[in-house]
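Peer 1: Sequence:
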Amino acid sequence: AGFVLSGMCTRDDFEEESGRFGELAYDMPSYNDVLQSVLSAGILSYRNADDFESLKTVYRKMNREVMFSLDTNMLYDGFCSAAQINPYLFVLVDLVRQEIESALNTKYSPQAISLLKRSAMYEGGLLDELVNQKMKRSRLAAYGALAEFQKIRDQARIVPGVGPGSTDTERNDLLIVQSVKAAEKDVYSLLVHLTADINVADLCMAEGVSYFLFEKPHAIDARDCTPAQAVDLVFRLAVAFGVVKVGPAFIYGEYRGKGSKRESLKVVIRNHEMEGEFVRELELCRKLSGLGIER
Numbered sequence: 262a263g264f265v266l267s268g269m270c271t272r273d274d275f276e277e278e279s280g281r282f283g284e285l286a287y288d289m290p291s292y293n294d295v296l297q298s299v300l301s302a303g304i305l306s307y308r309n310a311d312d313f314e315s316l317k318t319v320y321r322k323m324n325r326e327v328m329f330s331l332d333t334n335m336l337y338d339g340f341c342s343a344a345q346i347n348p349y350l351f352v353l354v355d356l357v358r359q360e361i362e363s364a365l366n367t368k369y370s371p372q373a374i375s376l377l378k379r380s381a382m383y384e385g386g387l388l389d390e391l392v393n394q395k396m397k398r399s400r401l402a403a404y405g406a407l408a409e410f411q412k413i414r415d416q417a418r419i420v421p422g423v424g425p426g427s428t429d430t431e432r433n434d435l436l437i438v439q440s441v442k443a444a445e446k447d448v449y450s451l452l453v454h455l456t457a458d459i460n461v462a463d464l465c466m467a468e469g470v471s472y473f474l475f476e477k478p479h480a481i482d483a484r485d486c487t488p489a490q491a492v493d494l495v496f497r498l499a500v501a502f503g504v505v506k507v508g509p510a511f512i513y514g515e516y517r518g519k520g521s522k523r524e525s526l527k528v529v530i531r532n533h534e535m536e537g538e539f540v541r542e543l544e545l546c547r548k549l550s551g552l553g554i555e556r
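Add 261 to a position in the sequence shown, counting from 1, and you land on the number used in our numbering.
Please keep in mind that the hints were generated in silico from the structure rather than gathered at the bench.
Computed from a prediction, not measured in an experiment: that's the story for all the values here.
Think of the CB as a built atom: it goes at the ideal place given N, C-alpha and C, for glycine as much as any other residue.
Check each hint, because a few of them may be wrong.
To be verified - Straight-line Cα separation of at most 30 Å, DSSO-like style, residue types lysine-lysine; simulated pairs:
#, residue 1, residue 2
1, LYS317, LYS412
2, LYS527, LYS378
3, LYS527, LYS548
4, LYS378, LYS519
Stated by the list, open to error - Pair by pair, the computed Cβ-Cβ distance ranges are:
#, residue 1, residue 2, range
5, ASP355, GLY551, 31 to 39 Å
6, ASP355, ARG272, 29 to 37 Å
7, GLN416, ARG272, 34 to 42 Å
8, ALA343, ARG531, 34 to 42 Å
9, ALA343, VAL540, 27 to 35 Å
With the sequences and hints as input, model every part of the structure.
Peer 2: See below:
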């Protein structure tokens, strides 16, 4: 049993609305945010995912070990969680970690929230929860990319960059590719750089680095998902948007007091009867989880 997906949004639904928010339009929900959330939740796949699986089969038949270095965008896409690749086969250039960390500390000022509330057509008061909390760029970095990095950090091989990183993303891309090339002789393996950025793929070609370019889906054409994928999707949308509405519930991916609890959400239900039912169900789920029963 699963969930049916219907009435999915389009790019046009976002482009016109975000323009009303002026200088903060970049922080507004976008179609790409939805697309990345659906991809990260495992509901959609890269368009050439089958080609990568075929390539892995070829690699397994080789006498030489193959390892995979990860571009920064692969961590934002949640690749490590879905790839079914042993983490010890991943290589991470230290510059990737630095790129993620550089995005962690952008926060909403009270003035920015006031501006957003004035521009919002409905429910502007919901945004008060976000004062002095992470902006979209930092939420995606902290609860998406950094979380993926931490899942594999202890088993993956971390290699140094060939030079210091900077705020110039194009220069960082080149340094990461050059660092992968420099690392190949030290890991004694064929090193394949994985990316979803065609510009990075071009750099790999120019520098003589083996690579695989993943092609992101252009549209959300999925029609169903599993319950686990649905829960993951709600989490990822709440992180990307800051807050989402599910039935009578407002679910915050960022809120006062969240701190280091990266996987936590805040749920506000205005219907008192349904709130009581939700609390009972939540307590039951926590008790069952505490039993440590594995499927």
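Peer 1: Per the hint of 34 to 42 Å, is the separation of the Cβ atoms of ALA343 and ARG531 within bounds?
Peer 2: With a Cβ separation near 35 Å, ALA343 and ARG531 satisfy 34 to 42 Å, so the hint holds.
Peer 1: The hint says 29 to 37 Å between ASP355 and ARG272; measuring C-beta to C-beta, is that right?
Peer 2: Given a distance of about 36 Å, which is inside 29 to 37 Å, the answer is holds.
Peer 1: Could you see if the CB distance from ALA343 to VAL540 stays within 27 to 35 Å?
Peer 2: 32 Å, holds
Peer 1: Holds or violated: LYS317 with LYS412, Cα cutoff 30 Å?
Peer 2: 22 Å, holds
Peer 1: When you take the CB atoms of GLN416 and ARG272, is the distance between them in 34 to 42 Å?
Peer 2: 38 Å, holds
Peer 1: 31 to 39 Å was suggested as the range; check whether the CB atoms of ASP355 and GLY551 agree with it.
Peer 2: Distance hint for ASP355, GLY551 holds at roughly 38 Å.
Peer 1: Regarding the pair LYS527 and LYS548, is the alpha-carbon distance no greater than 30 Å?
Peer 2: 19 Å, holds
Peer 1: Given the hinted pair LYS378 and LYS519, is their Cα-Cα distance within 30 Å?
Peer 2: Between LYS378 and LYS519 the Cα gap is close to 22 Å, so the pair holds against 30 Å.
Peer 1: Quickly compare the C-alpha distance for LYS527 and LYS378 to 30 Å and report which way the hint goes.
Peer 2: Within the cut-off at roughly 20 Å; holds.
In the structure shown, no violation is registered for any of the earlier numbered hints.
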